Amino acid sequence: MTTTHKLCLGGIVITMATTCLAYMGASSSWQFYMTVDEFLNQAPTSRDYRVRLSGKVGHDSLRIATDRTSASFTLVGAKSHLRVECRGPLPDNLTEGLDVVVEGHGKNSGLFQGDKVLTRCASKYDASNL
Amino acid sequence: MSLFVITYVVFWLAVALYVIRLGSQQRRLQDRLLALQSQLQMPER
Amino acid sequence: MLMVTQFYWMVRKDLVSEYRARQVWPAMLMLGTLVSFLFSAQLDGVVEGRSRIVGMLVWLAIYFAGILAMHRTFAMEQEDDCWDALRLYPVTASWIYLAKFTVNFLTLATLQVVVLGLFVVFSNVPLLDHPLRMLTVALLGNVGLTSVGTLLGGVWTENRQGSTMLAFLTLPLAAPVLLAASEATRLVIDQEGGPLWWRWLSFLVVFSIVFVTAGIVLFELLIED
Amino acid sequence: MQRSDLKIVSARWLTWLVTGLLVAALGMAMRVAPMEQSMGQVQRILYIHVSVAWLGLMGFAVMGVCAMLYLLHRNMAWNRWSQAANEVGWLCSSLTLFTGSIWAHAAWGTWWTWDPRLTTSLLLWALYSSCLILRGSIQESHRSARITSSLALLGLIDLPLVIMATRWFRGIHPTSPEMEPVMHFTLLLNVIGFTLFFSLLFLRRLRQLQTDNLLRKLELEALVNHPYPPLSAAGG
Chain A
1 MTTTHKLCLG
11 GIVITMATTC
21 LAYMGASSSW
31 QFYMTVDEFL
41 NQAPTSRDYR
51 VRLSGKVGHD
61 SLRIATDRTS
71 ASFTLVGAKS
81 HLRVECRGPL
91 PDNLTEGLDV
101 VVEGHGKNSG
111 LFQGDKVLTR
121 CASKYDASNL
Chain B
1 MSLFVITYVV
11 FWLAVALYVI
21 RLGSQQRRLQ
31 DRLLALQSQL
41 QMPER
Chain C
1 MLMVTQFYWM
11 VRKDLVSEYR
21 ARQVWPAMLM
31 LGTLVSFLFS
41 AQLDGVVEGR
51 SRIVGMLVWL
61 AIYFAGILAM
71 HRTFAMEQED
81 DCWDALRLYP
91 VTASWIYLAK
101 FTVNFLTLAT
111 LQVVVLGLFV
121 VFSNVPLLDH
131 PLRMLTVALL
141 GNVGLTSVGT
151 LLGGVWTENR
161 QGSTMLAFLT
171 LPLAAPVLLA
181 ASEATRLVID
191 QEGGPLWWRW
201 LSFLVVFSIV
211 FVTAGIVLFE
221 LLIED
Chain D
1 MQRSDLKIVS
11 ARWLTWLVTG
21 LLVAALGMAM
31 RVAPMEQSMG
41 QVQRILYIHV
51 SVAWLGLMGF
61 AVMGVCAMLY
71 LLHRNMAWNR
81 WSQAANEVGW
91 LCSSLTLFTG
101 SIWAHAAWGT
111 WWTWDPRLTT
121 SLLLWALYSS
131 CLILRGSIQE
141 SHRSARITSS
151 LALLGLIDLP
161 LVIMATRWFR
171 GIHPTSPEME
181 PVMHFTLLLN
191 VIGFTLFFSL
201 LFLRRLRQLQ
211 TDNLLRKLEL
221 EALVNHPYPP
231 LSAAGG
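Residue numbers (my numbering), protein chains in the order written: chain A, 1 to 130; chain B, 1 to 45; chain C, 1 to 225; chain D, 1 to 236.
Just so you know, these hints were derived from the structure itself, not from any lab. As the structure is a prediction and not an experimental result, all values here were calculated from the model. From the three backbone atoms N, C-alpha and C, an ideal C-beta is built for every residue, glycine too. Some clues are possibly wrong.
[What the hints assert, rightly or not] Chain D regions said to be covered by chain A (calculated; three or more residues, Cβ under 8 Å):
| hint | segment |
| --- | --- |
| 1 | 18-25 |
| 2 | 35-42 |
| 3 | 65-73 |
| 4 | 121-130 |
| 5 | 172-182 |
[To be verified] Estimated spans, in silico, between C-beta atoms of each pair:
| hint | chain 1 | residue 1 | chain 2 | residue 2 | range |
| --- | --- | --- | --- | --- | --- |
| 6 | D | 139 | C | 92 | 21 to 29 Å |
| 7 | D | 140 | B | 14 | 26 to 34 Å |
| 8 | C | 131 | A | 113 | 28 to 36 Å |
| 9 | A | 79 | B | 12 | 31 to 39 Å |
| 10 | C | 131 | A | 87 | 34 to 42 Å |
[Stated by the list, open to error] Not close to chain D: a few residues of chain C, all C-beta gaps over 12 Å, as computed:
| hint | residue |
| --- | --- |
| 11 | 10 |
| 12 | 19 |
| 13 | 46 |
| 14 | 80 |
| 15 | 122 |
| 16 | 152 |
| 17 | 198 |
Here chain A stands alone, though its shape is the one from the complex (with noise of 0.2 Å):
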């Protein structure tokens, strides 16, 4: 067997395992952050572990501590709605209406409580009209 061939046969391999590595990435979603959702569908009692939660601040719900060290704010998913509590730095541009990721774990009184809060880009960068 030629250096060649072997070169091939372990691309192959290494391809393949790869593309399964691709596979399970897609199926299960390696997850960074779960939804609102997926998270309440769980049962209560399995909720009570650390995890990043991806939603959007519910209108009217923030309220930021003068001292900007902590906030809550409802966190909106597509069909359920979740508390917060959030201790800890704040990004500058927290605000109403922006998706933002949730560090933390669940509370069994139904309270999130967190202790990170990155903000997330939009998906669409629009022009400033100032």
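Since the structure of chain A is provided, determine the placement of chains B, C and D on it from the hints.
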């Protein structure tokens, strides 16, 4: 100065560093070439 | 059949020489023990997120001591030109890789037993409540680390600062295994099976397949002179 | 590719063309392109971030392909290609991480997060660095080339993962957001300008490596033909 200007400046500084490195490399090559030339022009013993 | 016999002898000679000269295992186990001691001692005050930290520390201890060992199994061959003799042996480089892989696998497995045992005793974390799951993670992590370590270990046979360089070079390639194995270990400690655990496990399987294949294919290129 | 084929590198007009393009691109990015609504001025990092990110990926692809060609043909010329791609690609990859991190801090509120795209990009950078260190640490040229090429070949597995990370896996990194036509044009101009600029740097470096190789041969030859270096002349 806004954040993006700083980013641009640092960005170009890094690129400039690489270009300077290329320049010094070039000079070294030139020196070697000159040394080689002078060596070849010496009379054979 | 001949291949299998040759393979057997190549593995055997390494194990026998290790048994007689004890060049690799004692140093590796010493380092593993020491690192485990230090890590567990520091864990004492940690209350929250222990499982996450322990998952990582176990694999870091295994990685550092393991890389030392993998370098030594190759460095050992330098004495009396054993390495040149081994390459004159009428087998392809792929078989040499597989033999070294097997030896390193066994070495690392021993290290894992020691490190896991020490962590169970000293850190009060239920690592072995699901022995079968822990065994699976340990085996797959071992195969992943060994495949990378053996592949690159062949490069640094005669270099003096080889073990440092090896740790340096294996890290980017081994980082995915370390992360996946630590995460799987954390899930074992937290007694969470389920899809997440299976995902990390399948990642480890894919990684192992890729790198064992890469080793069989590329080892020839790395050790030729 | 022989040395003479690389004359284009030193062509004045090309240098001026690239400089002009870059200045235009910079002006467009900093002034002409409109400010983005939700992120503000910081969004202008997009133009350089995307350009160098693309070039970082390109560089690795070139390095990987040249590494494979080296392994097949054992011709050091390919290794020089792969080395030049390694250096320039590493620079681009580092700049990608740097610009991305600053942008992320402004847009997401964090310097770093373990998003699939970010994680795989970091891995790519680590692989670049390993190859670079490896090249410097082995003296014997063919041995160094062989080992580095093998590592580059292995690293090629990460490339599709970086490219497809935002499509295959769920993450926070945007895939390719819609944008205003002006922004789109600016981005295009920047990508073209940077691609030409870094290609020029790449070719310069390649030519240096080729010259170095040639000089080395000539020096050896001179040493054989003129066994006494100028040192003795100084002594006499």
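Assertion that chain A covers the segment 65-73 of chain D - criterion: three or more residues, beta-carbon distance below 8 Å: holds (count 3)
Report holds if the minimum CB distance from residue 80/C to chain D is greater than 12 Å, and violated otherwise. holds, 22 Å
8 Å C-beta criterion, at least three residues: is the segment 121-130 of chain D covered by chain A: Violated, because only 0 residues of the segment 121-130 of chain D bring their Cβ atoms closer than 8 Å to Cβ atoms of chain A.
Do residue 140/D and residue 14/B keep their Cβ atoms within the hinted range of 26 to 34 Å? Holds, at about 32 Å.
Could you say whether the range 34 to 42 Å given as a hint is met by the Cβ separation of residue 131/C and residue 87/A? holds, 39 Å
A range of 21 to 29 Å was offered for this pair. Does it hold for the Cβ distance of residue 139/D and residue 92/C? With Cβ atoms ~28 Å apart, the hint holds.
Non-interface claim for residue 152/C versus chain D (Cβ beyond 12 Å): At roughly 8 Å from the nearest Cβ of chain D, residue 152/C sits no farther out than 12 Å, so the non-interface label is violated.
Does the no-contact call for residue 19/C survive, Cβ to all of chain D over 12 Å? holds, 32 Å
Holds or violated: is the Cβ of residue 46/C farther than 12 Å from all Cβ atoms of chain D? At roughly 21 Å from the nearest Cβ of chain D, residue 46/C sits farther out than 12 Å, so the non-interface label holds.
Hey, does residue 122/C actually stay past 12 Å from chain D on C-beta? Fine: 29 Å to the nearest Cβ keeps residue 122/C off the interface.
Hey, does residue 10/C actually stay past 12 Å from chain D on C-beta? At roughly 22 Å from the nearest Cβ of chain D, residue 10/C sits farther out than 12 Å, so the non-interface label holds.
Against the range 31 to 39 Å, how does the distance between the Cβ atoms of residue 79/A and residue 12/B compare: consistent or not? Since residue 79/A and residue 12/B have Cβ atoms about 49 Å apart, the given range 31 to 39 Å is violated.
The structure fails hints 1, 4, 9, 16 (numbered hints given earlier, in ascending order).
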